[in-house]
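Chains A and B are the protein sequences, given in the same order. With this note's numbering, letter number 42 in the first sequence gets 42, and the count goes up by one each step, no holes. With this note's numbering, letter number 109 in the second sequence gets 109, and the count goes up by one each step, no holes.
Treat the hints with care, as some may be off.
Claimed, not checked - Distance condition first, Cα-Cα at most 25 angstroms in a straight line; then the derived BS3-like pairs of lysine-lysine: (1) A:Lys99 <-> B:Lys71; (2) A:Lys99 <-> B:Lys57; (3) B:Lys57 <-> B:Lys9.
What the hints assert, rightly or not - Which residues of chain B face chain A? A partial, calculated answer using Cβ under 7 angstroms: (4) Pro39; (5) Gly40; (6) Met41; (7) Glu102; (8) Phe105; (9) Glu107; (10) Gly108.
If you're looking for bench data, these hints aren't it; they were derived computationally from the structure. The structure presented is a predicted model; accordingly, all values stated were derived computationally and were not measured. Don't be surprised by glycine CBs; every beta carbon is placed ideally from N, CA and C.
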Amino acid sequence: TQLLEQSPQFLSIQEGENLTVYCNSSSVFSSLQWYRQEPGEGPVLLVTVVTGGEVKKLKRLTFQFGDARKDSSLHITAAQPGDTGLYLCAGESYNQGGKLIFGQGTELSVKP
Amino acid sequence: NAGVTQTPKFQVLKTGQSMTLQCAQDMNHNSMYWYRQDPGMGLRLIYYSASEGTTDKGEVPNGYNVSRLNKREFSLRLESAAPSQTSVYFCASSLRTANTGELFFGEGSRLTVL
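So here's chain A without its partners, still in its complex pose:
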């Protein structure tokens, strides 16, 4: 069974602080996606990384895919209250017909 371990599960920080969320597995993934979910809504895709070592930036968010394609990280610079939400990583394995395996999620709370 493929597993994606996300850490930390909960994170409460002050506005302006930096943070990093990790997503780790012993399995190799063909691609890895990061989603953000707000209360009462479904997850929304933030980014997809497909190449080992790839780094993508989305404003204050930086996403990295590990060289071995087994892990990924999400770094937020100068967090704002609007960043509050549940962050989910999801990996897609080769030849799995589009099935995504999700991590447990990181609940982020950014206080003003």
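Got chain A; can you put chain B on it based on the hints?
Here is chain B on its own, set in the frame of chain A:
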């Protein structure tokens, strides 16, 4: 643009009752999925349909059945609900281009089984 529409949004059942969650997408996507979300466990795949006419089990299929009625609609049925099926259920669809299949999710259906 409706995207992915799920009904109902809330439902309370008694143990042993049956119900069907409906899902429809208007994006002409080939693949559709049903996930359940429980605290601290992320999203777990129940069933998916890679294309019209096909369905496959996911990680937690026991106690559920699905029907891909046509390209737009994918329903999830609980034949005899159990308290362990209390959860938030999400339907999703994907166009599936190359190996980067972004999932588009509905707003979720919150089910409580007493």
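Using 7 angstroms as the Cβ threshold, decide whether B:Pro39 counts as touching chain A.
Hint violated; B:Pro39 Cβ to chain A Cβ min 9 angstroms, cut 7 angstroms.
Against chain A, run the beta carbon of B:Glu102 and see if the smallest gap drops under 7 angstroms.
With a closest approach of 5 angstroms, the B:Glu102 hint holds.
Would the stated hint for B:Glu107 survive a check requiring a Cβ distance to chain A of less than 7 angstroms?
holds (6 angstroms)
Min Cβ distance, B:Phe105 to chain A: is it shorter than 7 angstroms?
holds (3 angstroms)
Would you settle whether the hint for B:Gly108 is holds or violated, based on the nearest Cβ-Cβ distance to chain A being less than 7 angstroms?
holds (6 angstroms)
Under 7 angstroms is the threshold here; is the Cβ of B:Gly40 close enough to any Cβ of chain A for the hint to stand?
holds (6 angstroms)
Satisfaction of the B:Met41 interface hint, Cβ to chain A closer than 7 angstroms:
OK, holds: B:Met41 within 7 angstroms of chain A, min 6 angstroms.
Holds or violated: B:Lys57 and B:Lys9, Cα atoms, limit 25 angstroms.
holds (24 angstroms)
Taking only the CA atoms, is the gap from A:Lys99 to B:Lys57 under or equal to 25 angstroms?
holds (10 angstroms)
Is A:Lys99 within 25 angstroms of B:Lys71, Cα to Cα?
Roughly 18 angstroms separates the two Cα atoms, so the pair holds.
Checked against the numbered hints given earlier, this structure breaks only hint 4.
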